[in-house]
Each structure stands twice: as structure tokens, then as C-alpha cells.
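Protein sequence lines, in the order shown, are assigned to chains Y and U.
So the first sequence is numbered by my numbering: it starts at 1 and just counts up by one.
So the second sequence is numbered by my numbering: it starts at 1 and just counts up by one.
Calculated directly from the structure, the hints in this document are not laboratory data.
The beta carbon of each residue, even a glycine, is placed where N, CA and C say it ideally should be.
Everything hinted at is true.
Partner residues are not named here, just some residues of chain Y that face chain U (Cβ under 8 Å, in silico):
(1) I4
(2) H22
(3) L24
(4) I26
(5) P60
(6) V69
(7) S70
(8) S113
Residues per chain, in single letters:
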Amino acid sequence: MKKIEATFIVNGNPYEIYVDSHALLIEVLRDELGCKLNGVHESCGSGDCGACTVLVDGEPILSCMTLAVSVRGKAITTIEGLAKGTELHPLQEAFVSNGAIQCGYCTPGMILSAKGLLDQNPNPSELEVKKALAGNLCRCTGYKKIIDAVLRVSKGGN
Amino acid sequence: MLYRKLYSFDYEEARDVPEAISLLQTHGTEAAVMAGGIGLIEEMKRRAVTPKVVVSLQPIDQLKFLDVSDGNLRIGALSKLSHGEQSNVVKEGFPALWEAIAQISSAQVRNMGTIVGNITACNPGSDVATALVALDASVKIADGNGGKCIPIKSFGVHSRKNILKPGEIVTEIIVPCLAPGAQTAFLNLARTKEDCAKVVVAVNARVTEGVIEDIKIALGAVAPTIVRATTVETMLLGEKPSEGLIQAASERASQENMVTPISDIRSTSQYRSQMVSVLTRRALTRVFQNHMN
Ligand SMILES: Cc1cc2nc3c(=O)[nH]c(=O)nc-3n(C[C@H](O)[C@H](O)[C@H](O)COP(=O)(O)OP(=O)(O)OC[C@H]3O[C@@H](n4cnc5c(N)ncnc54)[C@H](O)[C@@H]3O)c2cc1C
Ligand code: FES
Ligand code: FES
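Can you make the complete structure from the sequences, with help from the hints?
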């Protein structure tokens, strides 16, 4: 097994570690960086559910389907990178106040997909929100409240 | 935590095409090429493939292009599905290809997967490959020995098996610009928007002075590779588009020798066959709508 020296830039902080060439990004974020970014969730592990979504250079990608070594040096954002201290990000606020969270398992992925969209397109239509979140499954909420929460932030001029 | 992990393998990055080929030649059948990686990692997680070395093309900047030159759209091996979706050149000049890409429902998959990787994976139900077969695309292959260019319809040899030999990679896909007046259509049918298609149909047609001068009908998810409905094409060539003709042609489509759908968790073969006719009828109606009175 080959270990590769790698720098990961996660939520603005550099982490220099040795990583297995076959390690997936989700494993590194949760277990290898020393800061336990457990907001990155695995559900299907096969690209279908979006629970493991993180942003790489601002784009939503699936950390369960990404070799960690392939994103060395790129800017990675996890849900832990959104709040400023105790002040939640507007999307987090909107999810809480809109009842868009039930069990919460899908929420980090949902919020990061929504952030990926709003950073590109601050005023999306409802259809654009639905399209951006289509790769994120939620077993609890029925999606309506999630879509409303994202639209609320976009209209609120995040 | 228990993850769906990968087994141990070595990882190499190629900085240019010759280096990729040399690495692949060195490791032979033990190596796999990685572009976006989403298809490869899915197969490695299932242990459907178990390469000992993964050779990543990701650092090769020369493969990051998507442009039109000399009457062809050229899609470099590192163009993501999302680049195709965001490209006005693709949207306006190659609408069937654009629809095939844009309807892939997950933004994450479009951000990660390449257009070329979708083709090399040789999934018989690929939306993108079906569109590209109707558009008569070619696949450019680098082999360290001058390379070659082959029609996309000969690229897939079986489900998940392409003609590449160890040490060869696809560097680009070349799609001829549509002839003036050509109309295209892309249609698929899936249980949910996210699921793999049960049947895919793409059509590329041109009517000149009232008669069908050119027609290509590609069918996906109904055979081990994407197939062309050649008997239907022959039946249509030189004819005047009409509702009766479209009806007869679409009924014939499900009778094509090459149409051999399987029954699986998504559909029975009988349903797939019936839907070949239904989708072909809709696609032909769309491409001929301005030529029927
Ligand atoms: C959840 C999910 C949903 C999907 N939905 C759809 C859908 O609705 N419609 C659809 O059409 N597709 C769909 N796909 C397929 C997806 O588009 C492809 O998996 C993706 O485009 C593959 O590209 P990649 O760059 O990730 O390829 P990789 O994973 O890097 O490679 C895929 C295969 O091609 C080989 N390869 C890659 N590049 C080259 C090259 N340049 N030369 C030679 N060999 C190469 C690899 O060795 C591997 O065998 C879906 C995939 C997933 C995971
Ligand atoms: S856990 Fe990654 S897509 Fe489901
Ligand atoms: S809130 Fe439970 S899965 Fe979405």
C-alpha cells in the first residue's frame, strides 16, 4: 500500500498528511485530518444519494466517489466551513426556521448543493433549485420545505 | 465508520498524453484510466473491475477543450458533462447532445463525470452515447503510434466493453456540425428522472424538397451496445414524411434484428420493445413536424 504526501485545503485550512492512494475523500475528511469533519455523511456510497456532497473549488461533488489524492491542493468546503463561529450561514438559518430538517442526515449535502447553486446564480427560479438539488435525496421532508428554504435565502439576497 | 471502501491500489498521474500511454503500456492489463473517476470508482467499489494501478488523466491540460473548428465539435477527454451543459455552442448547435447531457439529473455527477468517460464506459443505456451515435460522432484514439479515429458506433463492442487495447486512450470525440436544415430529437424513458433509462432514442434527420434525404436513428438500452435502426432508416430514406410513414417506421423499429432488449429490475423486454416504437414515433414526429401538412 502506497502512502502519498498530500496537502488538503479544507474550509480554508491546510492539512498536510500522508494518505493512502485508494482513500476516498469522505474517509479523509471524516477520519484522517484530525478534526473529524463528521458532517460529511455516507449513505449509498455509490453516487446516488448526495449525502456525501462537498464543494471542491465551489462545485458540488460526491466525496464517496472521489479519490482523495485527486483533489490535493484544491479548495474543499464541508458543512463545518459555513457558520462563522456561532453565527449560522443564511442557508443553515433558513433550513432550521423553515422546518427543512427532520432527521438531518441529508442536510449537509442539501445545503452544500444549494450553496453551490446560489454562489453561481444568486436568484434561481424554483425549477433551477429543484434541478440543483436533484442529486440529493431526502427520506423525511418531502422536499417542499427544503426548496422553500433555498428560495427564501435567494430572495433574501444572501 | 464503515464505508464502502476501495481496495488498495497504486495511483499515477500523467502530465501529458505520451506519459499516459507510456504508464498504461508499462502496466498493461493491470492498469485502468481515470478521467472524472465517477464511473471507474463505482465499478471498483463493486469489484466489477480491480485494477492494480489507476492512471489519472486529470492533470493533462491539453485534454481540457470543447470547441468548434473546421465544421466539427471537438470534445476533449477532460470536458466534464457540466461543461457541455453550460456551453452555448453545444446547446444551440447540437441540441440532442445538449438535452442528453442536461437531463442527467444530478449536478454532482455532471460536475464530476466527463463526456468522454461516459462513452468509454460503454453503458448500453447511456443517454449521451445514444445522442452521439445519432450525430455520427467519431472517437479519436491515441496509441503511441500515430493514433486513429473510428466511428462511435464501432467503438462499443459489448456492454461495458470498448475496442481499446491496453495502452490506448481516447483523446477526443469529434461531432460533425449539423447540416443546414437538419433536425434532431432526444428522448428517453426512465422510472424516475434519476434512474437509468429503460429506452433511449435519438434521431438526426434532414428533409430536402419534401423528401427525407438523411436519417439516423440511434437506440439505447435495448441491446448490448447502442444500435442504429438501419432497416427503419432505409425505409424512410427518399420518402415524404407523413403520419402513416412515421407509424409504420416506428412499428418496424422494435422489430429490428439488433433490438434485443433484456428483462431486468427496470423493465421487461416486452415493455422495452413496445417503448422503442413509442419513443421512435415521438422522435420522428418531432424531427418531421415542419414537413408534414
Ligand atoms: C449516480 C450516477 C448517475 C448517472 N446517470 C446517468 C444518466 O442519467 N445518463 C447517462 O448517460 N449517464 C449517467 N451516468 C454515467 C456518467 O455519465 C458516467 O459515469 C461518467 O460520465 C463517466 O465519466 P468519468 O469521467 O467519471 O469516467 P471515469 O470514471 O474516469 O471512467 C469511466 C470508464 O472509462 C474509462 N475511461 C475514462 N476516460 C477514458 C479515456 N479518455 N480513454 C480511455 N478510457 C477512458 C475508464 O477506465 C473507465 O473504465 C451516471 C453515473 C452515476 C454515477
Ligand atoms: S453517499 Fe455519496 S452519493 Fe450517496
Ligand atoms: S431530513 Fe431526514 S433524510 Fe432529509
